[in-house]
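Undergrad: Below, each chain spelled out in residue letters.
There are 2 protein chains.
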Amino acid sequence: MSNLLIAQSGGPTSAINASLSGVLSAFFNGREYEKIYGSRYGITGIFTGEILDLGDIFDSEDKIKRLKSSPSMFLGSCRCKLPDPGSLDFTEIAGVRLTAEEIYGKIMDFFHANEIKTFFYIGGNDSMDTVLKLSEYVRMKNDDISIIGIPKTIDNDLPKIDHTPGFGSAAKYIATSILEIAYDTSIYRIPSVTIVEIMGRDAGWLTAASALARRFQEAPDLIYLPEVPFYNAKFIEDVRNKLNKKRNVIVAVSEGIKNEDGKYLSENDSIKDRFGHGMLSGAGKYLETLVREELGVKVRSVEINILQRCAGHLASKTDLDEAAILGETAYRAGLERKNGVMASLKRVPGKNYYIEYCTENIKGIANQVRNIPRSWINERGNDVKEEMLEYLRPLIIGENKIEFDEGLPHYQELIKNI
Amino acid sequence: MSNLLIAQSGGPTSAINASLSGVLSAFFNGREYEKIYGSRYGITGIFTGEILDLGDIFDSEDKIKRLKSSPSMFLGSCRCKLPDPGSLDFTEIAGVRLTAEEIYGKIMDFFHANEIKTFFYIGGNDSMDTVLKLSEYVRMKNDDISIIGIPKTIDNDLPKIDHTPGFGSAAKYIATSILEIAYDTSIYRIPSVTIVEIMGRDAGWLTAASALARRFQEAPDLIYLPEVPFYNAKFIEDVRNKLNKKRNVIVAVSEGIKNEDGKYLSENDSIKDRFGHGMLSGAGKYLETLVREELGVKVRSVEINILQRCAGHLASKTDLDEAAILGETAYRAGLERKNGVMASLKRVPGKNYYIEYCTENIKGIANQVRNIPRSWINERGNDVKEEMLEYLRPLIIGENKIEFDEGLPHYQELIKNI
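The listed protein sequences correspond, in order, to chains A and P. Residue numbering for the first sequence follows our numbering, starting at 490 and increasing by one per position. Residue numbering for the second sequence follows our numbering, starting at 490 and increasing by one per position.
This is chain A alone, in the form it adopts within the complex (with noise of 0.2 Å):
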């Protein structure tokens, strides 16, 4: 018998440990192997000797099925770049400076002593290039061990792939707090401007998830992504256009909007802290402050934050099943002894919203990221078209249903740290 191991790696999300319950649930289905090893924080634990034997953890099917509910990341993550296989640089892991052909060396030796047959690595971009170099080198010493990529990020910017999992969470509970605000900022007869700031630092597939609101309310109004550069007076005069038809004007704008420089609005440098050194505003305060000064209206800004990608209790179920298969898809591409591939999906043209899995090669996905094509966004690049909403709108479909102990939702007990 020989046996399997996972991790996990990046940002957290509400749908990457769905991706950890569909493994799960293959391999307790499957029982081809003997065990499932979770290494702690990505690929440090392997490293720091923080495995744990996941087989013993989730021992009943109400604990996988806990676990897909829940989000962030039950095993902790790492922000960890392998060196290039033949690299002579030095590369610093959980604490410890180490040569290329150590940290190989190391995991290699780690899945021989563990009968690991198959390595699941969960994570977005940076994860996607682990699993490459990683592939690589195992193909180069000609060993028998799959290394496979299962996708998650809010960003929804991983090539060859419909959609991320992770995103349509993300994407729902973004949408709802739009509508949300709308609704809060409806109910005074002053104009006002709302200006909400969306996470996603090279890509606008969140920003342009708000305009779901549309659903149920005239909001947002405007749309600022990253994809098309950002021109001050340009939007002023958006916003006064808006003002003049409409009373409370709702703005959605990605945190990674740029100059026709390239350069981030949060990366001026006039907004200074209490110690005099140039502070990160964030696009929306910086455009509060704008809005303020050039038209003088009642103005606020809103950041999201990093309650847009743990907001389990709002995730997409669409979201959550898409993950867990997933895992199992990554499952089976191990059974069939693949290396270098990552599981993905493809949406099947058609009226009705329909997925197929699949796997595709590892090169192409990783170090790339997937933007909005620009035929999506208006022209004058402050809203998103018909084509963008056709896409997103299947993606929030179906509620999350979690259970609610004391009035708070009941998730999967996270790991003490250490």
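Hints were generated in silico from the structure; no laboratory data involved. There's no promise every hint is true.
Since the list gives no way to pick one copy over another, a pair counts as held whenever it fits inside one copy or between any two copies.
Said to hold, decoys possible - Keeping only pairs whose Cα atoms sit at most 20 Å apart, straight-line, the calculated SDA-like set for lysine to any residue is:
#, residue 1, residue 2
1, 806, 893
2, 734, 905
3, 840, 894
4, 806, 892
5, 890, 551
Dock chain P against chain A, hints included.
TA: Below, chain P alone, put in the same frame as chain A:
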């Protein structure tokens, strides 16, 4: 036959429409009146003629039920303080300058012309001031009109009531958010401090509610309330002590924390905007900078912002039910021809949570702030005691079952703004 008038005032909450639904239910069940009118934008609708026939709009139980679950304020709001009945000052109402006599005269004319027997005003401290003044004017004129207050405020700072409608839902949202933030911040190996800024400029109830998250997580680690003076040096010492014991420290702070001179932390004018003006940074942002400079640790601040008062999707069932019953209580008080009272609720002492409904004289409610008893806060002023948790726990129990449509909460449609 005679008629009723109802209006809403102050900031939005998740429960203020539930109180409106309670009055509507009682109106339809009792049939003691012919019409129930709604004044748009608080009392200002009387001056602009924006009056709705609510019996026409809410002509089915389903519509009243949806209204009960919808956040924000169906009728709209105002921030309007009436002059003293005998005053000679001018007051602006809906853009028109009027004398006290003109204002009260106009209101009484409206009541008489429309055979209004009872006027309900749902709101917080300022709105209860309107109830007080209007009820005194009615009494002065020997008129048989009942002026009745229905409480609401997320701030929970009204006297003569155990807790205010809207608070329980906001508390549930805050505790859930803190819980989810605790999950989110737990994933990395490196130490971090997360500062969560919560509403409440004068009273710390909302910030104290963050402690409910301890049902499932060791968070928040520190709680700072406006009831206790705030000292930077003590705060830094507190955070340092926590970091010695625990990797990811979460701090809940009220936006209203003040230094020993009674000055808001956010009033520091050392943060300059791009135009060189002093900028209100918010307590969270201020403390984020402080921690970064003093402790050099990874730090982030999260402002929960207006989402905490309008997140109908996470409303407390207990809160909405109580808000509706307070509406019915007010309706009964009108039948009994009470004038100058507020519908209220009392907690019956005992092991189980049990509420009794009553009315209270409006005097001693208006313009008062009820703070957290000092004995419910620990001596060092950085946490709450068990008494506070016992008080809070029942208020967030139960989930508001809202209907979702295409993945989004389907709330009561708003009236189009003119």
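Undergrad: All the hints need checking, so say for each whether the structure fits it.
TA: Going through the hints against the structure:
For a Cα distance limit of 20 Å, the shortest separation of residue 806 from residue 893 qualifies both inside one copy, at 17 Å, and across copies, at 12 Å. Within a single copy, residue 734 and residue 905 get their C-alpha atoms only as close as 54 Å, which misses the 20 Å cut-off; across copies the closest is 12 Å, which meets it. Taking the shortest alpha-carbon separations for residue 840 and residue 894, only the inter-copy value of 19 Å comes in at or below 20 Å, while the best intra-copy value is 40 Å. Both within a single protomer and between protomers do residue 806 and residue 892 lie at most 20 Å apart by alpha-carbon distance, with minima of 14 Å and 15 Å respectively.
In this assembly of identical chains, the alpha carbons of residue 890 and residue 551 lie at most 20 Å apart only when taken from the same copy (13 Å versus 23 Å across copies).
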